[in-house]
Amino acid sequence: MQQRRDEILAKKAKLAELKRQRELRASQSAGRGSITPSELISPMPGRHTSRHDIENLINSLVGDSRSVSVSTGMNSPARRGSRPNSVLSGGELSNAATSEFQAPANAQVVTTPSQPQILSTVSLKTVYECPPSPVKEVFSYSKGVQTTEEWLPPTRPRAASDSDLEDTVTATPNKRLSRRERDREEELRENIRKEIEEELKAAKELVTEGTLKSSAKENFPVRALTAEELKAVTQSDDFMDFVERSTKVIEKALDEEYDILTDYTLQAANLDDDDEQSGNTGGKGRRKVREIAQFYDERWSKKRMISSIDFSPKFPELLLASYTKNPTAPHDPDGIVQVWNMHLHDRPEFVFHAQSDILTAKFSPFHPNLIIGGAYSGQVLLWDTRARSAPVQKTPLTGLGHTHPVYSVDIVGTQNANNIISCSTDGAVCGWSVDMLTQPQEAMTLVTPPPAKYEDLSPTCLAFPQADPTFFLVGSEEGTIYPCHRYDRAGAKAGVDARVSYKGHAAPVMSVDFHPSKGPVDLGDLVLSASLDWSVKLWKVRAPAATSAVVAAVGSAVGTESQVTPLLDFVREDVVYDAAWSPIKPGVFSLVDGSGWLELWDITVETEEPVARISPSARKDGRTMLSKSLNKIAWEPSEGKRLATGGIDGQVTVFEVGPDLGGKENLKNEEWTSVKKLVSRIEAVGVNGVTAV
Amino acid sequence: MADNSEMTDFDYINKNFDRVLGKPGVKAVLVLDRETGNVLKTGGNTELFRKESSESSKPSISNDAPSDGTTETSTAEREGVDELATLVWNYVNVTEQFVQDLNKEDTARLQRLRTATQELVIITDPKFILAVAHDTKPNSG
Chain S
1 MQQRRDEILA KKAKLAELKR QRELRASQSA GRGSITPSEL ISPMPGRHTS RHDIENLINS
61 LVGDSRSVSV STGMNSPARR GSRPNSVLSG GELSNAATSE FQAPANAQVV TTPSQPQILS
121 TVSLKTVYEC PPSPVKEVFS YSKGVQTTEE WLPPTRPRAA SDSDLEDTVT ATPNKRLSRR
181 ERDREEELRE NIRKEIEEEL KAAKELVTEG TLKSSAKENF PVRALTAEEL KAVTQSDDFM
241 DFVERSTKVI EKALDEEYDI LTDYTLQAAN LDDDDEQSGN TGGKGRRKVR EIAQFYDERW
301 SKKRMISSID FSPKFPELLL ASYTKNPTAP HDPDGIVQVW NMHLHDRPEF VFHAQSDILT
361 AKFSPFHPNL IIGGAYSGQV LLWDTRARSA PVQKTPLTGL GHTHPVYSVD IVGTQNANNI
421 ISCSTDGAVC GWSVDMLTQP QEAMTLVTPP PAKYEDLSPT CLAFPQADPT FFLVGSEEGT
481 IYPCHRYDRA GAKAGVDARV SYKGHAAPVM SVDFHPSKGP VDLGDLVLSA SLDWSVKLWK
541 VRAPAATSAV VAAVGSAVGT ESQVTPLLDF VREDVVYDAA WSPIKPGVFS LVDGSGWLEL
601 WDITVETEEP VARISPSARK DGRTMLSKSL NKIAWEPSEG KRLATGGIDG QVTVFEVGPD
661 LGGKENLKNE EWTSVKKLVS RIEAVGVNGV TAV
Chain H
1 MADNSEMTDF DYINKNFDRV LGKPGVKAVL VLDRETGNVL KTGGNTELFR KESSESSKPS
61 ISNDAPSDGT TETSTAEREG VDELATLVWN YVNVTEQFVQ DLNKEDTARL QRLRTATQEL
121 VIITDPKFIL AVAHDTKPNS G
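Those protein sequences? They're chains S and H, same order as listed.
All residue numbers for the first sequence refer to full-length UniProt numbering, where the first residue is 1 and numbers rise by one.
All residue numbers for the second sequence refer to full-length UniProt numbering, where the first residue is 1 and numbers rise by one.
Treat the hints with care, since some could be wrong.
Claimed, not checked - DSS-like cross-link-like pairs, simulated, lysine-lysine; straight-line CA separation at most 25 Å:
#1 S:LYS303 / S:LYS628
#2 S:LYS252 / H:LYS23
#3 H:LYS23 / S:LYS620
#4 H:LYS41 / S:LYS248
#5 S:LYS540 / S:LYS676
Everything labelled a hint here was simulated from the structure, so no lab data went into it.
Here chain S stands alone, though its shape is the one from the complex (with noise of 0.2 Å):
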């Protein structure tokens, strides 16, 4: 800068004494000039001056003109160091010099203007030439590719603008840009250098750790969560689902009971031989009843009475229960359905949600995760296992279809055509399609045949024979059994068949159950049926087709109502809310009542006493009052040792059965033929009056 002022006042100085030379060479020729011809022609001093006066003109136009040509020739060194080339090559040598020891940024700035094209890539080298410390260069390599995307973008500009503008402005400029640079890079430096330290630090405490800490160091914890970002993820629906899962896994994995580590060789260190005689047991030697689980779940069980238990067909450990509303939570669902786990003690494997009061549940003994359930609204409901709890179809509450509680529900049919018959209590009996539960694929109204005072009749249960779909038994309210088809046939239109009808209670009918009959002898006509007038009774169903024939030889005219009496009556101390054959040994039943007992009996040995009896432990924290009364029982279908009951109190207890009133083991034909020499010897020699062998 200095240097070029410099050279500026001097070339000044210069173009002045030039000035001053050719002035004075100007006054000499004008004299000269003037000298001669004034000499000569002396009397015309007008003239002469006004000739004076364009030569002088002439002299200054021609003598300035050659002046500056020749002052151009004297100066020419001071003229191209003005030149902006030079300068500029001058202010970039210096800038350069600076740069190269600053930068990789500010070499490609140096090199820019002349080729712009291929600079990054091979200034990026230059890099090395001046190490910021002493440590080793990878590391400081690896910034720099990383840090030389931070650094191109404003370089880029800058190094258009000097090629743009190859003028002596820019190196001022450059100069403070590259100053700027500097400190930036300083800093930059800096921390890249306390990075690698630390880096070092790390690696140096990973080495000496030893392998697992330093696995562990380089994974792990990839980053501190904050407590709200903890919040977030805890409460999210994800998280929610996997504890939900998981700790149901971990409970089956707990719960489990045998250790398949056991070592038989060790000293037996546990009293397991003594829970034979510990724990809650009913009965003797082979008709032992033990209890051996009891499923209640604080949250959804609690203040709910069990209104229907049903074992699934498919996963023998698997059994449903449903439950009315707990009046003390009216934001919770009236109605649930909740499936236990045999081996999940302590909760439910699903939980299932209705808005009314769930009266009975049933799995689908064709579809393994379908459940059907009838609601006190009068809806039938369809849970699947596989979506959520709220039911996946349910039926309209107004129109078609119930509008009275539905007390009772039904698959019946076969794997590829099957029905859910449901009635409710103003006798309305509706068939559906599993697929579309909008609308009754049939519907009618079932009355009490003629010689009744009222033509209402009230259902309260239904139950189908394993071998007719077509054919049902349905107990009354007003105690009377009647039969029923669901479509028109010969001798008897659909509904109520009038002919036939069973009584014998007076009161209630809580369960009609078909004989499960799966012998060498058909005992499909026999059906137990349990009443609130202290008693169950057993049955003999006429078969539906051949009902217009025993009607004929019994009556005297067909439409003549012919009353049937049961077999067997068997007389409790208690209201009997549910009675259910085994479904694998043909003369056994059980029982619940109102005081709480579970009775096991059994037609082939004793039909005046129940070979065994218990009655389910009660809850720690239960009601004494009022808690003990039993509502429902249900078998498990395939092996017939278990069975599950429920009532008031909302537990559902899991009982077994000793071999004799159990299980497929010791199954023998003269079972099946004894149960049938019963009812022979009782329908022959009368009723009521014959006591069993």
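Got chain S sorted already, so can you dock chain H onto it with the hints?
Then chain H, alone, in the frame of chain S:
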């Protein structure tokens, strides 16, 4: 129990943990994030869990483990939990790698690791890990 009908879902989740912890023999429960290994939830005596799990490879000195876990401060406890989480997390990752090496499309879901003193049950999920340590029955070999 007070009235549990007012319980929220979140409480219910916690209840699940409590129930697992309440099972006989269960010593500790730990939930980790699958991706990062962050500790999302702990329960029970994780101190005990770590001590014994880290020493299970050296059965000869496992007897003196449970005594010194009580006097430590909360920060030390936290460090212990982190360390334990690291161990579990690494174990799970190694196992996952093993499973992947066996079959690329396969994934580990449940791991039961029986040691001389205890059993670890670890459930892995794409997003979370749940580990439970519990005592084994007395006469198991």
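Outcome of the hint check:
At most 25 Å may separate the alpha-carbon atoms for a hinted pair to count; LYS303 of chain S and LYS628 of chain S meet this at roughly 13 Å. Restraint check for LYS252 of chain S and LYS23 of chain H: the C-alpha separation of about 11 Å stays at or below 25 Å, so the hint holds. Restraint check for LYS23 of chain H and LYS620 of chain S: the C-alpha separation of about 17 Å stays at or below 25 Å, so the hint holds. Between LYS41 of chain H and LYS248 of chain S the CA atoms are separated by roughly 17 Å; this keeps the pair inside 25 Å, and the hint holds.
Between LYS540 of chain S and LYS676 of chain S, the direct Cα distance comes to roughly 11 Å. Compliance with the 25 Å bound is thereby established for this hinted pair.
Checked against the numbered hints given earlier, this structure breaks none of them.
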